[in-house]
Amino acid sequence: MKNIRDLIMANRLPVATRTRSRMPRIAIPQQEWISVTELDNFCQNDFGADWCEALRKDDVGDRHSSDSLLFLFEKGKEYENYVMSNLRQKTGLTLDRHSSHSTSRLYNERDGVIDSRRVVESMKRGDPVIYSAYLADRSRYLRGIPDLLVRNDQIHILFNTNTTIPYGTSRFGNYYYIPVEIKFSTICLTADGRYVSNEGRSPFYKTQLYAYSSLLQTIQGWQPSCAFIIGKRTVHKDDIYSSLDRPGYIDYAGHDISVISKFHDGLAWLRRVKKYGSSWDISEIRNFPPNMKYNPSLDKKEIAIASSEITEIWQCGVHQRQRAYDNGIYSWNDQRLTAELMNIPVAYQNEVNAILKVNRGELGIYHPMSLSTDLNSNSEMFVDFETFNDTFDIQSPLLNPECIFLIGVYYKNKYYSFKLPELTQQDEKTLIMSFYQFWEKCGKPVCWFWYAETELWRRALLRHQLVLESPVEWRDLYKIVRDETFVVKGCKNFKLKSYIKALSDQSLIPLIAPPDTCGNGLEAMVTAWKHYKETKDPVKMKEVVSYNKFDCIALSHLLTFLRTL
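First residue of the sequence shown: 1, per full-length UniProt numbering; consecutive thereafter.
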């Protein structure tokens, strides 16, 4: 399958050096169906991802998804089955699946007609709950499959909620249906505990459910003004609730009224990119920029490199980018772009300006040329933790257990690893003590780390009520480079791997080959979870250990370089 750069440079696509007269825009007359789930990228302000899809529409080949994303998708399906089993037990209903396909994108004309009729028949009967109903509106070419449709007069029977459900009548009787989604995600509530907040992927969930409400209006003659989300847990401040008892509430008539315009804008965008996207010029990237703060895929990275995308820069999100656009600035390579212009908080302005300048070549290869911090230590080791920070356990979704499953150490040019034999609290306690005893045996050296280990260590000791005779001396290399505002050309953030790649590219440190697999913390966590909870796979766990080893050695190389300044 071709990469995005190939598609951009291919003769069938215009690029900045070709004129519109030589390569006119292509108009596609036929209307394409839009599936509700396609609104996801728009809700994340990730227009570039949709453009990539438009470029790849006619490209033959499999779309690759990482093992970790496939794992999360499967866990989502498992959790949906778990919720449905609970609802069947609670209601005594069979709750058979209505849709004949797993996604609305797979529907053809015949299947769509058959399944749409099934939904209408269920509504006419007044079924209390309809599971996996195919909804479609041919006039708008919009379709989707909500997990549940619940009658408005059954909400308080199904859920333990004090929310007032508006009265309404549909063309089927004195009732109407409300959409409910099941998500294997934590649902966070607003400060008053009444509504779903806008954290994480909630903006998309809200827009998705509004789209279903809009489709329901076409079918039942009444548009519901609210919707619900069943997550794996519902969180309000420090309190955790079962989402089956207390689902997240969305109010389109009040608190969440802004979602309505977001939905209509999203539909207009998808129609435009589907119709014209394959003929757009890369020089027009300002009209469909990627959001590099969200799911930075390889395709988007190609676009970001070609356009010097602003959201690549640390602390620069879509709002900061829009301020730049409002001032006629469309790339970080423009010397007029500053942290002050983008309204970056004062606490971060110095670092952002330094990152911009060094990457534009205004400060040399790296800056500053010397550091004020004393980096010396008589004896030292480099430490990196791999942790679980959430549970993938379908049967215990309320739990949010943190657990250290691997401690890697690079000491005197040799790597050591301490791994859990089993995923238990007792084994984690043993792991902690094994590392601590090793540290003592080595003469209690300074432990260099990057950003998080001291807090993870503190919480682990608290979890197991451990009081150690000698506290470990930790030193945070991340804090040092932040305090010194040490920046390198090619590094656009304060991530360890970004520093290592930039310094390696400039031949300032030895080249360290990153592992071919297990390239981030999520992949390490998923691989380890499958190892401990599903099938023991020593080969896969070696990939996690290699990932950890890379970070430990990277710490050593970076510190060694900084000491030369």
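By construction, these hints were calculated from the structure, which means they are not laboratory data.
Hints are supplied without guarantee of correctness; some may be wrong.
[Stated by the list, open to error] Straight-line C-alpha distance at most 27 angstroms; calculated DSS-like pairs for lysine-lysine:
| no. | residue 1 | residue 2 |
| --- | --- | --- |
| 1 | Lys77 | Lys530 |
| 2 | Lys412 | Lys501 |
| 3 | Lys549 | Lys533 |
| 4 | Lys549 | Lys357 |
| 5 | Lys497 | Lys412 |
Hint check results:
1. Lys77 to Lys530: 16 angstroms, holds
2. Lys412 to Lys501: 23 angstroms, holds
3. Lys549 to Lys533: Holds - the C-alpha atoms of Lys533 and Lys549 are around 23 angstroms apart, at most 27 angstroms.
4. Lys549 to Lys357: Given that 27 angstroms is the threshold and the Cα spacing comes to 32 angstroms, the pair is violated.
5. Lys497 to Lys412: 21 angstroms, holds
Checked against the numbered hints above, the structure violates only hint 4.
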